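Could you build the full structure based on these sequences and the hints that come with them?
Protein chains in written order, with our numbering: chain A, 37 to 115; chain B, 2 to 351; chain C, 599 to 1039.
The reader is advised that the hints may include incorrect statements.
Subject to a maximum C-alpha distance of 30 Å in a straight line, what follows is the list of computed DSS-like cross-link-like pairs (lysine-lysine) [said to hold, decoys possible]:
id : chain 1 : residue 1 : chain 2 : residue 2
1  : A       : K59       : B       : K259
2  : A       : K59       : B       : K306
3  : B       : K144      : B       : K158
4  : C       : K722      : C       : K1004
5  : C       : K629      : C       : K704
6  : A       : K59       : C       : K903
A few chain C residues that face chain A, going by a derived Cβ cut-off under 8 Å, partial list only [as the list claims (entries may be wrong)]:
id : residue
7  : M599
8  : T602
9  : N605
10 : L811
11 : V886
12 : A887
13 : N919
14 : A922
15 : T925
16 : A926
17 : D949
18 : V956
The hints are simulated quantities; they were obtained by calculation from the structure and are not laboratory data. Small disclaimer: the values here were computed from a predicted structure and weren't measured. In this text, a Cβ means the ideal position worked out from N, Cα and C, and glycines have one as well.
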Amino acid sequence: MTKVIENAGITIVQMANLLPVAKTVGVNRLVPTISIPYPLGDPATPPDVQFNLRHHRVGVALDALTTDIDEPKVFKVSI
Amino acid sequence: MKAIHYINQFFGQIGGEEAAGHEPEIREGQVGAAMALQAALGSGVDVTHTIICGDNFMGSNTEEAIRRILSFLEGKEFDIFFAGPAFRAGRYGVACGHICDAVQKKFGVPVLTSMNEENPGVEMYRSKMVIFRGGASAAAMKKDVAAMTGYGLRLIKGEKLLPAAREGYFGRGVRDQVWLDPPVNATDRVIDMLFKKLRGEPFQTELPIPKTDRVPIAPAIPPEELAKMNVALLTSGGIVPFGNPDRIQSASATRWGKYDITGIDDLKKGEYMTTHAGYDPAAANNDPDVVLPLDALRAYEKEGKIGGIHQYFYATVGTGTTQAEAARMAGEIVEELKSAGVRAAILTST
Amino acid sequence: MKLTLANFHVKDIIFGDKTQLKDGVLTVNEKEALAVVLEDSHITQAELHVVRPGDEVRMVPVKEAIEPRYRAGGGPVFPGVTGEMLQAGNGVTHALKDMSVLVVGKHAGGFQDGLIDMSGEGAKYTYYSQLKHLVLVADTDEDFERREQQKKNRALRWAGMRLAEYLGSCTKDLTPDDTDVYQLDPITKRSAAVNGLPSVVLVLQPQSQMEELGYNDLNYGWDTNRMLPTLMHPNEVLDGAMISGSFMPCSSKWSTYDFQNFPMIRRLYAEHGKTLNFLGVIMSNLNVALEQKERAALFVAQIAKTLGADSAIVAEEGYGNPDADFTACLVALEDAGVKTVGLTNECTGRDGASQPLVSMNEKSDAIVSTGNVSTLIELPPMKTVLGELASLGRDGLSGGWEGDEKLGPSVRPDGSIIMENNAMFCGDQVVGWSTKTMVEF
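The following block contains the structure:
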């Protein structure tokens, strides 16, 4: 899906947990998420902790859209 | 049963390179190479017509050539369509691919052709049709025609067809399960492969790893532009309004949904849910933002990091969905995004 | 460890006054057997049927298959699950061969449940069409999951295990028809001849996807989601240490019967001491998060390396995101210098044109493949249905659907069906029975 959208010239970032899967299908801009069932917020943590994590990683994804890359890249997250 | 055969100017006995501009024509019965095809098919299948077209005419007026040939075929009864063999002749091979593709799309009949592995038509069309592995030159005519017709006869009679490698055509990238005959248990196959690998002998994996197909990297968006533009949110994690109004399947999806999020800052429990069956849905149902981070993206909208959020989010389910379906759905979503002028997107997957 | 499986071949199953095995005929006292099932008050309805290969019977939703057994000297067949904790894989265990206890939902099915046809075209899709079965068809009051696609099926699965133990116990004082002995000397105490052979470990990746307890395969009763890869004796697997879970799309699933009979383990035993030195089983899992997958692969490679394994076989119970564990494990082992062969099924889609595994790496150059989960299968109506045919379309079985624009509903008014291989009960037989492979067309 990401590839088709990118091929149309739309700059796209994929947020995914299974980086090997995303790499296998040829995604170029990747931001890791924490798991498959809850990519952006661990239900075992308080809502504000979940939001902070989500806010941080979505921010990394937005920065990824503004970053020039020469080859597929996984953008680093800090929380 | 009836067949129609496509050949070029040379094998249609019009002429060589000087006749390569020959306009498409249809003749009743068999001309040139079509006689060899008829001989190989035998009495059960009649080659009722031969279509002849110059390679250069097809090459430089492709759409027109296809349009005319399809109009020749309109109203004719035929059970199978053959083109070539094209051997190593590049323009002829590509022409066979073009016309076979068009004929199978329009008439839904099986199409068969044959080319040498170095023919550029092979890479262009192998995923779309059965192309037999042919010889380098017309010296292989009899053999190549026999390969196509032997398979074609069994195909139209509904008889058992073997895998590409056994039949002798270029694999179409379509993998399916078959029962080994005689049966060999997976355990025996594992042990056999293991011994070969341990001894450094050649072995044949049953799952060859394909090369990753990459697309050109889309350009970065300057931050000041991002601050003015709408970013679209998409997910393959199956987030939909509660009750799943578009009945997006929980696996092997063929449907996608678009949902208006105007004025919505947060995806709430009981208003949105996941329909994805490939993972534990509890967390996503409790707070859909953990899959589709609308609340966080709204925060960036308020901060001014992005201009806004595209009016709709788009959702489907990734599990078990064929690449062909995923590509079709993505293509439809792309049309939506482009017509709305969207240039930036975030896709979340589960 | 030395395990003797004492085999009692069952030629037929009938109902009668006394539960007993005589001349290969298993007689079942229906009332007594049902009382064992109904020991759990959550079971609200239960009936028993006998089904034989060739019968015109379709069963759906099938939840579990178990080989009836009796542990000589007493003790649970499934330690930590149906009774106290004890060492599995050592001693004598009786097994009623050529049959299973099948557990079928009376009404409610789910994602993980499957279908078995005992005759006709559909019979070739599952190993279980070749066995005789005592079939428990039952319903429960587990209303919390009645409408859930994912079901723990706890009451039904445990009822099946109790029934299997009940049947197995009738062999208590009997002499078996034959025996299979499974014995491996401790790894450091093997003869020079055995140590001179290429060594091999079998890496198993049972399903452990669900974070919530109750759905995953259990190892001595312990949820496999909560374990790290560990070295096990193959006899433990053959002797009830592992039980099947209730999550994976059915054709990819390993039933408890599959674990009890694991063909790949038996095949390695057949080579042990002759051509290979079978070191043991590394029991891994298939957790969901990438970090867990990476950690498991690291543990597996480390254990194999510490054992000095020359080679490894890796088998996964599932597809989709578990493919990431499978590939990661193959790559980690190859990187550790262990020559590795993979054993898996594929998901190439209904059209066969999709990527076979969701995660792939060119280092995994030796894979045996046992089927495509999404192949479409169309089958005519069957005379008798045990369970509820409608569940195939209605209850979210992984290979069924209510309606499809092109294909229509999975279950048609005349009783014929169209489904994906996904819902064939343990159909891809990754444990080793499969004579299917995948080829390019």
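| query | What are the numbers of the hints that this structure violates, sorted from low to high? | reply | 7, 8, 9, 10 and 17
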